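Visitor: Next come the chains, spelled out residue by residue.
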Amino acid sequence: MAQATTRSGFIANLGKIYGGYTGGFIFFVILLAIAEQMGVPNKIIGYAFVFLTIGVYAYIGILSRTSELSEYYVAGRVVPPVFNGMATGADWMSAASFISMAGGLYLAGYGGLGYVLGWTGGYVLVAVLLAPYLRKFGQFTVPDFLGVRYEGNTARVCGVIVLFSASFTYIVAQTFGIGIITSRFLGIPFEVAIFVGLLGILVCSMLGGMRAVTWTQVAQYIILIIAYLTPVVWLSTTLYGLPIPELTYGQALNEIAELEKKLGIVKPHVAAYVDAKGQFSWVEFHNFWALVLCLMVGTASLPHILMRYFTTPNVRDARKSVAWSIFFIFLLYFTAPAYAAFAKREVYRDVIGQQISSLPAWVQNWSQVGGLLTIKDGNSDGILQLSEFVINQDIIVLSMPEIAGLPYVISGLVAAGGLAAALSTADGLLLAIANALSHDIYFKMIDPKASTVRRLVVARALLVIVAIIGAAVAGTRPAGIIQMVAWAFSLAAAGLFAPLVLGIWWKRTTSTGAILGMMSGFGVCLYYLIATRYFDMPLWFGIRNISSALFGMPVAFIVTWVVSLMTAPPSKEMQDFVDSIRTPKGDLAWVRGSQHE
Amino acid sequence: MAAMTPAQRDAHWSKTSRLMWTIMALWFFFSFIIPAFAVQLNNIVIAGFPLGFYFAAQGSLISYVVLCFWNASAQNKIDEEFGVAED
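The listed protein sequences correspond, in order, to chains A and B.
The opening residue of the first sequence carries number 1 in the numbering used here; numbering runs sequentially from there.
The opening residue of the second sequence carries number 1001 in the numbering used here; numbering runs sequentially from there.
Everything labelled a hint here was simulated from the structure, so no lab data went into it.
Just so we're clear, the structure is a prediction, and the values are computed from it rather than from any experiment.
Any given hint might turn out to be false.
Claimed, not checked - Okay, the calculated bits of chain A under chain B, using three or more residues with CB under 8 Å as the criterion: (1) 264 to 277; (2) 331 to 338.
To be verified - Rough simulated footprint, nothing fancy, chain A against chain B, three-plus residues with beta-carbon under 8 Å: (3) 1003 to 1014; (4) 1030 to 1038; (5) 1057 to 1065; (6) 1076 to 1086.
Said to hold, decoys possible - Straight-line alpha carbon distances no greater than 27 Å define the calculated BS3-like cross-link-like pairs of lysine-lysine that follow: (7) B/K1077 with A/K585; (8) A/K507 with B/K1077; (9) A/K585 with B/K1015.
The beta-carbon is built from N, C-alpha and C at its ideal position, and this holds for glycine as well.
Put together the whole structure using the sequences plus the hints.
Guide: Structure representation (C-alpha cells):
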C-alpha cells in the first residue's frame, strides 16, 4: 500500500518534480560555464556532461524499478497526456533528427523538407486512425492486437517479424549514432564508445521497463529541447535582435538568396524540386511526395511509437497525448530549418569567396577533426570556392555554438542533447523489440502459463541480448544511417499500416485477408529494398528505395481488401469486438484472447 | 449507464467517421496539395519566407498540431453526445 501512495504521490507532483529537475539542469550548465571561464579544460566539461546526464537517467531508471507486469510493459497506464507527449517527443527524436536533420536541410534546401513533413505529419494519422482504438484494446503490444483481431498466432508472428525488421534496422542506426557522439566527446575509440552507450541504454530500461523508459524520456526531452534551442536562439538575438529564430530566419533566407546570386550558385536553397543544376525535375517532385507519404505512414506504423499510447490512463487521454506529442516534436522540427539557414548564411557570407588563410575559427577547428569538414585549394588561387568546401551534414548542429560565438559549455550542452535524443530513441526501440519477443513469442506462444517473475526475467534477458547484438552490428559501421532509418519506416508502413487501420475501420476485414495483405505488402517492400540496394535493380519510376513502401503499401491494402471479400466475413463476436473498440466507454466485447491482465 | 442501441451506435460511428474524413482531407491538403504548388507559391515572399518553402518548413507543421488538438476535443464532444465518453 505504501508503494501505491508513493506512486500516486509521484503522479500528482510531476510538474514540481520535473520543474525542479529543469532548474537543477540549468544550474548545472551555469556551473560548468563558470568552470570553463576559470580554465577547466574542455575535455573535463565534455566528460561532465556525458556522465552526469547518464547518471541522472540511471538514477531515474533505478527509482522506477518494478516487479509488476503492467508497469514493466505499459508504465502502469498512469502517464498523463502532457508528460506522455514529452516522452514520445524524446522517443521520436533520435540522433538523426537532432544532429543530422538540420545538416540535411543545409545540403538539400527545399528537398530536405520532405523529412520535416514526413516525420511530423504522421502524427495526424496516429491521432485519428489508431491511438484511441489501440488504447481501448488495452493490451501490451501491437502484435497483441493483430493476434486477437486476426484470430491467432499467424497474424501475431507476422506482426513480430515486421516489428523486428523495422525496429532492429532502426536501433542499429541509433546505436551507431550513440557511438559517434560518445567517442567524439569522450575521446575514446568508436568500438568502445558503442558499448559505453549500450550500458547507458540498459541502465535506463532494465529495472523498470516502460515505466523507467517513460520517465527517463521526459527528462531526456527537457535536456534535448534546451540543448537544441539555445544556440539558435542566441544567434537569432545577436543577428536580428529577436530571440525567435523560427521567425527571424526569413531574413537569413533573404540574405542567402542575394549571396547565391553574388556567388553564382545555381541551386537556390529555397527552390522546390530542382536538381543539382537548379532545373525543375519531375523525378525530384515525385520522390518528394513519395518520401513524405512513406515517412508519414511509417510513423503511424512503428510499434515503438504506437506503444507509447498504451501508457495513458484512458482513450481520451490517448488522443490528447498524441496532440501533445506532435506539439513537442514540432518545437524541434520547426527550428531545424533555422539552423540550416543561419549556417548557410554564415558559410556564404564569411567562408566562401574568402582567403583560405583567414577563414573563421570554427572552420579551422572543424577541419582539423577527421573528415567532417574539408578544404582543398583545387585551383591554387588562395580563395575558397564553393566546390572546394566539403561539409558533413552532422557538423551543422554541432558547430552552431561556435558559429554563434558561444563558449564551449554550450557545445557540451548540444552533445548532451544529442546523446539524450539517441539514448531515448534507442531505449524505446529496444523495449519494443524485447517486449514483443518476451510477451508475444515467449508468453503468448511458448509458455502461456509462465509466472510473472519468469516473464520479467525473460523480458530483461532479451533486452540485454538484443542490445548486445545491435551494438555488435553497429560496430561494423554499416553505411547510410539516414537511409537505414528511412527503410525502417517503409518496412513498418508496408507491413503494418493496412492490417491495423483496416482492422479498426473496416469490420469486413478477415484474418486471412489481413495476413496475406501483411505478407505481400511487406514482401514487395523488402524485395524492392534488397534488389535495388544489393543487386543493382533499376529503380521503378525513378523512385528511390527510401520510399519502398510506395509499392508495398498499395499491395497490402489491395490484397487485404480482395482476399477479405473472397473469404467468409468475421464472426458476430468479432464484429461486436470491433464495435466495442470503437466505443471509449465500457468493456471490450469478448473474443478469444481479448481479456488482458 | 445503458449501452447504446444499434441505431445510436451507428450514429456515433457515422459522426466519428465524418470527423475522420474531414481531418484526413485537411491533412492531405497540407501534406500534398500545397507542396504540389510549391514552385508557384515560392513567388510569394512574406517576411523573407517564400511561401512554398514556408509551408513545407513551418506552415503545414502548424496545421498538424492544430489538427491533432482539434481531433482530441471534437471527438470527445461526439463521445459525450452519445454518452460513451469515459468518466
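Visitor: None of the hints should be skipped; say for each whether it holds.
Guide: Consistency of the hints with the structure:
1. Counting residues of the segment 264 to 277 of chain A whose C-beta sits closer than 8 Å to any C-beta of chain B gives 4, which meets the bar of three, so the coverage hint holds.
2. Taking a C-beta to C-beta cut-off of 8 Å, the segment 331 to 338 of chain A contributes 3 residues in contact with chain B, enough for the three needed, and the coverage statement holds.
3. Figure legend: the segment 1003 to 1014 of chain B, annotated as covered by chain A; annotation consistent (5 residues with Cβ-Cβ distances under 8 Å, at least 3 required).
4. Counting residues of the segment 1030 to 1038 of chain B whose beta carbon lies closer than 8 Å to any beta carbon of chain A gives 6, which meets the minimum of three for the stated coverage.
5. Given a C-beta distance limit of less than 8 Å, the hint that chain A covers the segment 1057 to 1065 of chain B holds, as 7 residues qualify and 3 suffice.
6. Coverage of the segment 1076 to 1086 of chain B by chain A holds [criterion: at least 3 residues with CB-CB distance below 8 Å; count 6].
7. At roughly 13 Å between alpha-carbon atoms, B/K1077 and A/K585 fall within 27 Å of each other, so this suggested pair holds.
8. For the proposed pair A/K507 and B/K1077, the alpha carbon gap of about 24 Å is at most 27 Å, so the pair holds.
9. At roughly 17 Å between alpha-carbon atoms, A/K585 and B/K1015 fall within 27 Å of each other, so this suggested pair holds.
This entry satisfies every hint, going by the numbered hints stated previously.
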